[in-house]
Every structure is written in structure tokens, then in C-alpha cells.
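Take these sequences, add in the hints, and give me the full structure.
Note that the protein sequences, when read in sequence, are chains U and Y. Numbered per my numbering, the first sequence spans residues 1 to 367. Numbered per my numbering, the second sequence spans residues 1 to 657.
Quick caveat, the hints were computed from the structure, so don't treat them as lab data. Some hints here could point you the wrong way.
These stretches of chain U come out as covered by chain Y in the derived footprint (C-beta under 8 Å, 3 or more residues) [unchecked claim]:
#1 85-91
#2 107-118
#3 187-193
#4 201-209
#5 215-221
#6 239-245
#7 313-320
Glycine included, every Cβ here is placed at the ideal spot set by N, Cα and C.
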Amino acid sequence: MYTKVISAFAVLLVAVFSTTVVSSVDAKPFYKGKRIVFLGNYPAGGANSTEGRIFAAHVARHIPGKPKIIFRDMGGAGGLVATNFLAEAARPNGMTVGFFTWNPVAQVLGDPGLRVKYPDLQFVAAAAPPVICYIRKDAAPGGINSPRDFLKAKGFKFGGLRTTSTHDLKGRLSLDLLIGPENYKTVTGYRGFTPIFAAIHQNEVQYHTTSIPGYRRVVEPTMEKTGLVKVLYQYETPTADGRYIRNSNLPNLPTWLEVYKMKYGKNAMPSGMRWQTLKFLNTLNSQLFRMVFLPPKAPKAARDALRKAFSSVTKDKKFLAAYKKAIKAVPNVIVGAKGEKIINATLRNVDPKMVDFLKKYVKAGGK
Amino acid sequence: MLDGLWLVLQWPAIGYLILGVLIGLYFGAIPGLSGLVGLAILLPFTFFMEPAPAFAFLLGMFAVTTTSDTLASVLLGVPGTAASQATILDGYPLAMKGEADRAFGAAFTVSAFGGVLGAVALAVSIPILKPLIFSFAKPEFFALGVLGLTMIGSLSGGNMVKGLFAALIGLLISMVGYSLTGGVPRYWLGATYLLEGIPIVPMVLGLFAVPEVIELAVRNTSISRVPRESVSGGMRRGILDAFKNWWLFLRSASIGIYIGMLPGLGGVIVDWIAYGHAVQSAKDKSQFGKGDIRGVIAPETANNAMKGGALMPTVAFGIPGSPAMAILLGAFVIQGFMPGMQMLTTKLDVTFSMVWTLAIANVLGAVLLLVWAKQIAKITFLPSHLIVPAIVLFVMMGAWMSSNTLSDWWSMLVFGIIGYWMKQGGIPRPPLILGFVLGPIMESALYVTYQAYGPISWMFRPICLVILILAVLTVIVSGLRARRQNKEGASVKIKEIQNEDQLAGFVFIFIMVLVFFLAGWQSLGWDRATGQFPIVVCVPAVILGLLALMRDGSSLKSSYQKTKDGFKGLVARSQVARELPKASLLLLSLAGIVGVTVLFGQAVAIPIFILGYLVIRGKTTWAFAFSYALISGVMLYFMFGELIGILWYPSIFIDYG
Numbered sequence: 001m002y003t004k005v006i007s008a009f010a011v012l013l014v015a016v017f018s019t020t021v022v023s024s025v026d027a028k029p030f031y032k033g034k035r036i037v038f039l040g041n042y043p044a045g046g047a048n049s050t051e052g053r054i055f056a057a058h059v060a061r062h063i064p065g066k067p068k069i070i071f072r073d074m075g076g077a078g079g080l081v082a083t084n085f086l087a088e089a090a091r092p093n094g095m096t097v098g099f100f101t102w103n104p105v106a107q108v109l110g111d112p113g114l115r116v117k118y119p120d121l122q123f124v125a126a127a128a129p130p131v132i133c134y135i136r137k138d139a140a141p142g143g144i145n146s147p148r149d150f151l152k153a154k155g156f157k158f159g160g161l162r163t164t165s166t167h168d169l170k171g172r173l174s175l176d177l178l179i180g181p182e183n184y185k186t187v188t189g190y191r192g193f194t195p196i197f198a199a200i201h202q203n204e205v206q207y208h209t210t211s212i213p214g215y216r217r218v219v220e221p222t223m224e225k226t227g228l229v230k231v232l233y234q235y236e237t238p239t240a241d242g243r244y245i246r247n248s249n250l251p252n253l254p255t256w257l258e259v260y261k262m263k264y265g266k267n268a269m270p271s272g273m274r275w276q277t278l279k280f281l282n283t284l285n286s287q288l289f290r291m292v293f294l295p296p297k298a299p300k301a302a303r304d305a306l307r308k309a310f311s312s313v314t315k316d317k318k319f320l321a322a323y324k325k326a327i328k329a330v331p332n333v334i335v336g337a338k339g340e341k342i343i344n345a346t347l348r349n350v351d352p353k354m355v356d357f358l359k360k361y362v363k364a365g366g367k
Numbered sequence: 001m002l003d004g005l006w007l008v009l010q011w012p013a014i015g016y017l018i019l020g021v022l023i024g025l026y027f028g029a030i031p032g033l034s035g036l037v038g039l040a041i042l043l044p045f046t047f048f049m050e051p052a053p054a055f056a057f058l059l060g061m062f063a064v065t066t067t068s069d070t071l072a073s074v075l076l077g078v079p080g081t082a083a084s085q086a087t088i089l090d091g092y093p094l095a096m097k098g099e100a101d102r103a104f105g106a107a108f109t110v111s112a113f114g115g116v117l118g119a120v121a122l123a124v125s126i127p128i129l130k131p132l133i134f135s136f137a138k139p140e141f142f143a144l145g146v147l148g149l150t151m152i153g154s155l156s157g158g159n160m161v162k163g164l165f166a167a168l169i170g171l172l173i174s175m176v177g178y179s180l181t182g183g184v185p186r187y188w189l190g191a192t193y194l195l196e197g198i199p200i201v202p203m204v205l206g207l208f209a210v211p212e213v214i215e216l217a218v219r220n221t222s223i224s225r226v227p228r229e230s231v232s233g234g235m236r237r238g239i240l241d242a243f244k245n246w247w248l249f250l251r252s253a254s255i256g257i258y259i260g261m262l263p264g265l266g267g268v269i270v271d272w273i274a275y276g277h278a279v280q281s282a283k284d285k286s287q288f289g290k291g292d293i294r295g296v297i298a299p300e301t302a303n304n305a306m307k308g309g310a311l312m313p314t315v316a317f318g319i320p321g322s323p324a325m326a327i328l329l330g331a332f333v334i335q336g337f338m339p340g341m342q343m344l345t346t347k348l349d350v351t352f353s354m355v356w357t358l359a360i361a362n363v364l365g366a367v368l369l370l371v372w373a374k375q376i377a378k379i380t381f382l383p384s385h386l387i388v389p390a391i392v393l394f395v396m397m398g399a400w401m402s403s404n405t406l407s408d409w410w411s412m413l414v415f416g417i418i419g420y421w422m423k424q425g426g427i428p429r430p431p432l433i434l435g436f437v438l439g440p441i442m443e444s445a446l447y448v449t450y451q452a453y454g455p456i457s458w459m460f461r462p463i464c465l466v467i468l469i470l471a472v473l474t475v476i477v478s479g480l481r482a483r484r485q486n487k488e489g490a491s492v493k494i495k496e497i498q499n500e501d502q503l504a505g506f507v508f509i510f511i512m513v514l515v516f517f518l519a520g521w522q523s524l525g526w527d528r529a530t531g532q533f534p535i536v537v538c539v540p541a542v543i544l545g546l547l548a549l550m551r552d553g554s555s556l557k558s559s560y561q562k563t564k565d566g567f568k569g570l571v572a573r574s575q576v577a578r579e580l581p582k583a584s585l586l587l588l589s590l591a592g593i594v595g596v597t598v599l600f601g602q603a604v605a606i607p608i609f610i611l612g613y614l615v616i617r618g619k620t621t622w623a624f625a626f627s628y629a630l631i632s633g634v635m636l637y638f639m640f641g642e643l644i645g646i647l648w649y650p651s652i653f654i655d656y657g
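Shown next, in the form of C-alpha cells:
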């Protein structure tokens with residue numbers, strides 16, 4: 001009898017104690033009293049740094065425990081230094097969070113500089129500003145005042161960064177499909193978008209693509225409004241049900257696919273390896289561009305807290321106002337499982353034929 | 001214009017301007033920090049400010065970093081920022097002569113006026129900005145790079161072969177990392193850290209600071225080689241020097257403004273070009289490199305005037321003139337401003353508020369430093385065992401700021417060994433830095449030029465042609481002058497290479513010739529775009545290296561033949577061989593800091609070094625050493641950890657959070 005009473009009492013004690021512990025764990029938010037470092041993977045001053053700092057300034061309010069967030073830049077190797085640091089060197093305690101402009105092509109091409117696979121990092125959230133394509137109006141005789149005029153353009157130069165960059169690859173693939181590789185030339189080797197903006201002004205190159213921050217910051221005020229350039233189209237945003245739509249921030253700008261159909265017929269669709277590859281890069285880029293990652297072994301509590309915060313900040317009026325003031329756009333943010341699904345679906349099993357094609361395409365680039 | 005002034009003078013803008021100046025003086029004075037780092041840190045604070053105070057804060061800080069960076073350059077021979085490298089060449093020798101305050105007097109005076117002139121240039125150039133900036137495309141950039149390389153003659157102190165060889169080493173180092181085509185990483189030795197190239201801050205600190213630390217530690221003397229009582233005149237003399245050299249001042253300011261204005265060229269080369277110009281245009285060059293005040297006036301004027309120049313394309317076209325301007329552009333965006341017509345029309349008052357901020361901040365910063373500099377200059381008379389620990393702290397943390405990884409420290413130590421060897425071997429280091437900085441600019445410019453304009457026609461663009469002709473004339477005139485001076489026996493050497501250890505120099509050049517040979521050989525296996533520039537660099541480098549080896553070899557041979565104790569005697573007379581044990585010990589101690597950091601972090605490792613150095617080398621009491629180490633640790637933690645918020649190394653035993 002005593003045994004039964006003692007056993008019952010012990011069970012009761014364990015139950016009470018467990019409940020207390022669990023509730024006290026539950027009661028104390030993971031990030032209470034902590035300092036989080038948001039790590040940018042490009043040098044200070046660029047679009048990644050600017051956007052990251054805007055997020056960092058506001059998301060802290062939405063993390064339970066209201067931790068302090070500081071933003072640090074760790075540029076190098078096209079963003080790979082910070083990526084490797086997050087995976088290999090940062091403590092996996094949830095206090096270091098990567099805010100990266102990622103480089104999935106590096107993984108596809110087996111870049112020796114990338115020592116981690118992106119799907120192995122813990123995905124928190126992603127933001128994807130739309131990308132616009134523009135050209136100098138005097139790049140063709142008679143001027144370019146509409147996408148239709150552009151379809152007849154020949155002999156212009158596309159300003160690029162390096163043959164392996166997503167920017168160059170998407171630019172070349174889309175132009176190849178639209179007007180043919182014989183009608184333009186790629187001038188690559190510019191050390192960033194800033195020299196390309198200058199080169200457009202100087203008529204050294206005539207065609208370029210940039211995300212919306214660069215468009216709002218430089219192209220719109222200094223080139224479009226002065227009548228120097230014509231903005232032609234945006235890269236389309238693929239939907240889960242197989243459609244290709246305009247980004248909600250640019251409802252009046254046609255997509256690349258719409259312009260393709262202007263030339264080849266409203267029922268025409270591109271095909272072949274170039275199209276497959278462009279679709280692949282677009283799927284990755286149009287929804288996932290600025291990525292928020294945690295190290296592979298960071299606690300789930302950290303991941304969950306950050307996912308909730310990123311989900312919540314997109315409804316924060318102060319954040320939206322600051323983002324709109326700086327970027328002149330509404331952020332498109334994907335959080336949690338949705339983004340994970342895209343990464344796994346695209347990067348875990350890349351078609352070897354596409355990899356082969358990309359390697360050859362990169363090698364032939366710049367000619 | 002007056003509306004702009006009023007925006008700056010009213011509260012709280014003027015308060016933020018003053019605060020920005022004080023922070024900027026701090027950032028400029030600490031090696032490794034800079035205006036760029038300061039802007040990145042201060043930017044978030046401006047998110048919720050009005051535009052005028054925000055820009056007053058940011059620009060107030062930014063304007064003065066190239067004024068206070070003179071402190072480290074003159075006192076320690078360590079560049080305070082990347083913009084003050086050339087100042088070391090004559091600033092540090094002045095400190096060694098006990099004339100640090102004279103150097104400060106001249107530097108701060110011309111910094112103030114140079115900064116104001118840069119601001120004025122910004123204001124008056126607004127109507128003509130567009131044609132001015134956009135007439136310089138990639139072909140002109142390449143030609144400017146060629147012109148910059150012709151400064152090598154001035155920086156080589158009479159030994160142009162070794163100077164050019166050093167510049168080619170710099171060009172080779174600049175090619176480490178991804179090539180422009182992006183597909184092929186060059187000379188990266190399998191280390192991800194090297195994929196984007198070698199960062200400049202650890203390299204410069206290693207090349208210049210580490211050899212000076214070694215020298216101070218080994219020789220155990222104060223920075224000044226003369227007693228305090230023997231020096232007079234000081235700061236007042238420096239201020240008068242600044243006014244006496246007003247013509248050089250104006251020319252240097254023009255160099256700063258117009259090179260600073262060219263987007264992508266950046267401020268890193270303005271001080272070298274200004275210095276080179278000062279040497280080339282001087283009638284009497286004999287004191288350059290030994291403490292010629294003009295060698296301080298020219299670069300210090302240029303690097304402050306450059307700020308106004310760099311603001312021009314940023315404001316007018318949203319095209320930053322330098323990396324720091326890229327951050328300022330971010331501030332524009334966050335404040336809701338658009339560069340371009342808006343800044344030159346409806347927001348002209350904000351543009352002029354920036355002009356006034358630059359002008360006021362430069363004057364204020366210079367005045368504050370003139371007041372404090374006399375006391376700071378007394379550091380040059382302190383015994384070295386009191387200074388070396390502090391220098392090591394700032395140099396190590398300065399290098400750490402680059403990418404917050406241990407690789408920055410290893411990079412610094414490797415270049416420290418190279419810098420020490422070059423210094424002892426009589427191979428000038430400034431041309432290496434110039435080559436390193438110009439390399440990517442020139443390679444990128446040439447590569448784009450070939451694609452965009454073809455192989456030949458670009459040379460006949462008018463501005464390009466003028467610059468290339470100037471470059472050719474510069475080389476011819478320098479060569480003729482050097483030949484004449486050699487004939488007259490008046491060949492002078494900069495202090496850089498005065499006391500050369502011929503054996504050390506010979507061995508260094510021999511090893512580098514092998515490196516160039518291997519590098520060139522490897523580049524033959526790359527595609528044309530990737531391998532072209534390396535070949536263009538390696539082939540002449542091997543030729544020049546062999547030429548230098550022949551000359552030095554024959555000089556060594558005659559020394560060997562004259563001595564009775566043969567090769568052993570040569571080695572015994574080699575300064576490097578004699579200093580090697582003590583130098584190695586110091587380098588090993590610095591490497592030890594790295595090791596202890598892995599275990600316990602920087603906040604423990606550096607104070608332990610300081611404690612050990614003071615007790616063992618300085619022979620101070622334990623109490624004094626402990627106090628010094630404790631204060632250093634606290635300063636380290638608060639200055640770098642809390643104030644700047646660096647990423648501490650994730651050490652094994654201590655979690656810094």
C-alpha cells in the first residue's frame with residue numbers, strides 16, 4: 001500500500017515538476033535578453049546591406065523577447081565567404097542569422113568556393129524584388145520607345161558582371177530567346193552595377209537589368225525621367241499553378257514572356273534548353289532573392305521565432321512605410337515551409353543535362 | 001546656398017555635425033577603421049532622423065577621417081586609413097626626427113583647406129558635372145591607371161627597376177581570386193578567403209605596420225631617434241610650411257577633387273598620385289622619403305579634397321565615387337531622396353547643406369586636432385616597450401575589421417613578413433600598393449575596353465590620347481632625370497631603401513622571380529580572358545627580376561670577394577640575419593595571439609600578449625603590466641565590441657554572444 005501511495009505521489013510530483021519546467025520554458029521566449037547578429041554577405045553600401053538593415057531595424061519588434069539586432073557586413077567571394085561562415089564557423093545557437101543575396105548558380109556549377117549546400121541551411125524567409133530590363137532609347141535607329149521597337153534592335157551591348165553571375169546568365173538567355181544571340185553583344189567584367197549605370201550614361205553599353213532598388217535609386221530618376229532609357233519589361237513571377245504573372249509592384253510593366261508573345265504569337269511558348277534554364281533561374285530568383293538563413297544545427301525554437309517575426313513584420317505599418325520610402329515598393333516575402341519547398345524542389349535534384357548546358361553556356365559567355 | 005547653410009546651422013543638425021566630427025576623428029585615428037566603417041555603423045541611427053541632421057551626422061563623420069588618419073601615419077608609420085598610405089613616406093621620417101608636431105601642423109592645415117576647397121568645387125561644378133564625369137569611360141580609366149603607374153619612378157627612390165618590380169608584384173597579388181570572367185579563380189591556393197582577392201586593409205597593415213613594430217621591438221628605441229630637447233619650431237612651423245607651399249596645395253587639391261570624382265577609381269590612389277606629382281615636380285628631391293614636409297602636404301591635401309569630388313557623381317547621378325559614397329547613397333534612399341535632378345533642383349538646399357557640412361566639418365576637425373596634436377606628438381618620445389603593445393592592439397583589431405575572420409590576421413602576418421623582408425632588402429613597398437590598387441581597375445578597364453571599343457580605336461579618344469601622351473612623357477623625363485643624377489653622383493634614395501641588406505634583397509627577388517615564372521606558367525592553361533593580364537604582368541616581371549638579380553648579384557660578388565670570411569661573413573653582416581631571432585620571436589608572439597584567440601577570443605588573447613610583452617621585453621613590474629593589460633582589455637571590449645559591434649571570434653571556451 002505504501003508502495004502504491006509513494007509511487008502515486010512520485011508520479012504526481014513528476015507531473016507537476018514537468019509541467020512547471022515546460023511552462024517556464026514556454027514562458028521564457030527564446031530570444032529574451034539576447035543579441036542577434038544579422039550577417040550580410042556583400043560589402044556595406046550595396047542593395048543587400050540597405051535592404052537588410054531596413055529589415056533588421058523593424059523585425060526585432062516582432063520577435064518574442066524583443067532582442068537587439070545588429071547588422072554586420074561580411075563581403076567576399078560573391079557572397080560565399082559569409083555563406084560558408086554561417087554554415088561552418090558561426091555558433092549554431094540562433095544568434096547569427098544570414099541575410100544573403102544567395103548564389104544558387106554557384107551550387108549548380110559546383111563552385112569550389114561554396115562549401116555548403118543551400119538546402120542544408122535552415123530557411124527562415126526570403127524577399128524578392130522584381131527585376132526590370134531597360135535600354136537606351138538611341139540604341140536603335142529611329143529610337144526605342146516601346147518593347148516592339150526593341151524587338152527590331154540589333155548590335156547593342158549588354159553590360160554584365162561576370163559570366164557565372166545569375167544576372168548575366170538570365171540576361172543572355174532572355175535576349176537569346178527574344179532576339180537571337182547574333183543581334184547583341186555581352187560586355188562583361190564590370191565590377192558591380194554602379195559602373196554599369198555609368199556605362200549606360202556614357203553609351204559604352206546600352207542594355208542592362210536591375211532589381212527594383214537599383215531602378216528606383218538610379219535608373220528612374222537619372223535615366224528614365226530624363227528620357228535617356230526605355231524600361232522594356234520585367235522578369236515574370238512564376239506561380240505554383242504554372243502561370244507567369246507580373247509582380248504586384250510593377251502592374252503596368254509587361255513581362256518578358258508577354259514581349260516574347262508580341263513577337264512570336266500570343267500562343268507561342270519558348271522551348272529548348274535555354275528556356276528550361278531561364279525558367280529554373282527565374283523560379284529561384286523571382287521568389288527567392290534575399291534569403292534569411294540560420295546555420296544547419298540552430299535550434300528549432302530560433303527558427304520558429306524568426307519565421308513568425310518575418311511573417312508578422314510584413315504587416316507592420318512602420319516597416320512598410322520605411323521600405324516603401326527607401327525601395328519605393330512593397331516587399332514580397334516568403335516565409336517558412338513555402339520557401340523551403342521551392343529550394344528543395346529546385347536545388348536538391350538539378351537535371352544533369354541542365355548543369356552540362358550551363359557549364360558550356362558559361363564558357364561561351366562574353367563572346 | 002544660404003538655405004543650405006541654415007539647414008546645417010540650426011539645431012539639431014549642428015549638434016549631430018559636431019558629434020559626427022568627434023566620431024570621425026576617432027574612426028580615422030584607429031588603423032583599420034575608416035570613414036567606410038563609420039558610415040556603415042552610423043547609418044542605422046539616421047533611419048528616424050530628418051534629412052539635414054542625418055546628412056550632417058554622416059558627412060560630419062566622413063569628412064574628417066582623412067584628417068585624423070594622419071596621426072597613425074606620422075606617429076607609427078601605420079596608415080590610419082587607406083587614404084593616408086603615402087603620408088607615411090615622409091610623415092614617419094619626420095616623427096623619427098622628432099618633428100611629428102611639424103608634420104601635424106602642416107597636415108591639419110592643408111586638410112582643412114583642402115576639404116573646404118573640395119566642398120567649393122562641388123558647389124561650383126554642379127552645372128558642368130555631367131560632361132565632366134561622363135567623358136571618363138573605361139578607356140580613360142585604363143589610361144589613368146597607366147599614368148598612375150608612371151608615378152612608380154617617383155616612389156622608387158632612384159631604383160626604378162626595383163620599383164617597377166615591386167609594382168608588378170602588386171599587380172600579381174591583385175589578380176588573386178575570381179577572374180573578371182568569373183569562371184576561373186586565379187592563384188587562390190584552395191582557400192575560399194582568397195576567392196574575392198586579398199583584402200587591402202590587412203595587407204597594408206602587414207606591409208607597413210608589422211615591419212615598424214618589429215623594428216621598434218627589436219631595436220627597443222623610441223619612435224623619435226633624437227632627444228626631445230633638440231627639436232624646436234613644431235606645429236607653428238608646420239602651419240607656415242603649409243602656406244609657403246600654397247601652389248603645391250592647389251595642384252594637390254585639384255588632383256584630389258577630379259580623381260575623387262571619377263566613379264570607381266576611388267580615393268585609394270589620390271594620395272599616391274598627389275605624392276608622386278609632388279616628387280616629380282620638385283626641383284630638390286633629395287629629402288623626399290627622409291622627412292620632406294611636401295611629402296605630407298600633397299597627399300593630405302588630396303585625400304581631403306577628394307571627399308567633395310566623390311560626392312559629385314553620387315549626388316548628381318546616384319553613381320558613388322567610392323565605396324563610402326555607396327553607403328551614403330543608401331542613406332539617400334532611406335531618407336527618400338533620389339539622386340539626380342531632384343538634388344540639383346527642388347532639393348538643392350539639401351545638396352548645399354552637404355557642401356556646407358563638408359566645409360564646416362573639415363575646419364572643425366582640423367582645429368580640434370591642432371589643439372590636441374602637440375600632446376599626442378609626445379608619444380614619439382616614449383620608450384618603445386610602452387608603445388608596441390598599443391600598436392599591436394590597434395593593428396590586430398584593424399586587420400580584424402576587414403572580414404572578421406582569422407584569415408585577416410594570417411594575411412596580415414604573411415604580408416608583415418614580406419614587408420619586413422622588402423624593407424630590409426631595399427625594395428620599395430609603396431609601388432607594390434599602387435600596383436595592387438591599380439591592377440583590378442586597369443584589368444577591368446582594359447577588358448571592358450577591348451569588348452566595347454575594339455583593340456585599337458580606343459587609344460585615339462581625345463582625353464585618352466592626352467593622358468597616354470602625358471604618361472609617356474613622364475616616363476621619359478623621369479628616366480632622363482635619374483640618368484643625369486646618377487652621372488652627377490647625386491642619386492638619392494628614399495629612406496625606404498637607404499639601409500638595404502643586399503643579401504636579403506637578392507634572396508627576395510630570386511624567390512619572387514620563381515613565383516612570377518610559376519604564375520605565368522599556370523596562366524598559360526587558362527582561357528584568353530583569364531590568362532591575358534597575368535601573362536602581361538609575369539613576363540616583364542621575370543625580365544626585370546633577372547635584371548635586378550644581375551645587378552645585385554655582381555655587387556654581392558664584389559662584397560664577397562673583398563671579405564676574408566666569405567659567405568659566412570656576408571650572412572653575418574646581413575641585418576635580417578642579425579635581427580632574425582628577435583624578429584621571429586615577435587612574429588611568433590603575434591601568431592600566438594591567433595592561437596589563444598581560437599581558445600579564448602581576442603578580448604583575452606591580446607591582453608595576455610600585452611602582459612607578456614611588458615614583463616619580458618619591457619621588464620616592467622607585474623603590477624604595471626597587469627594594469628596596462630587590463631585597461632587595454634577593457635578598451636578593446638568596449639571600443640570594438642560595444643561601440644563598433646564587431647563580430648568576435650567564436651572561440652572554444654568563451655562565448656561573447
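Given coverage of the stretch 107-118 of chain U by chain Y, checked by CB-CB distance under 8 Å (3 or more): It holds: at least three residues are needed, and the stretch 107-118 of chain U offers 3 whose Cβ sits within less than 8 Å of chain Y.
Quick check: do three or more residues in the stretch 187-193 of chain U have a beta carbon closer than 8 Å to a beta carbon of chain Y? holds (count 5)
Coverage of the stretch 85-91 of chain U by chain Y, judged on three or more residues with CB within 8 Å: Satisfied; 4 residues make the cut.
Three-residue Cβ test at 8 Å for the coverage of the stretch 201-209 of chain U by chain Y: holds (count 4)
Examine the stretch 313-320 of chain U: at least three residues should have C-beta closer than 8 Å to a C-beta of chain Y. violated (count 0)
Claimed coverage, the stretch 215-221 of chain U by chain Y - three or more beta carbons nearer than 8 Å: Since 5 is at least three, the answer is holds.
Are there at least three residues in the stretch 239-245 of chain U whose beta carbon sits under 8 Å from a beta carbon of chain Y? violated (count 0)
Violated hints for the displayed structure, listed by number in ascending order: 6 and 7.
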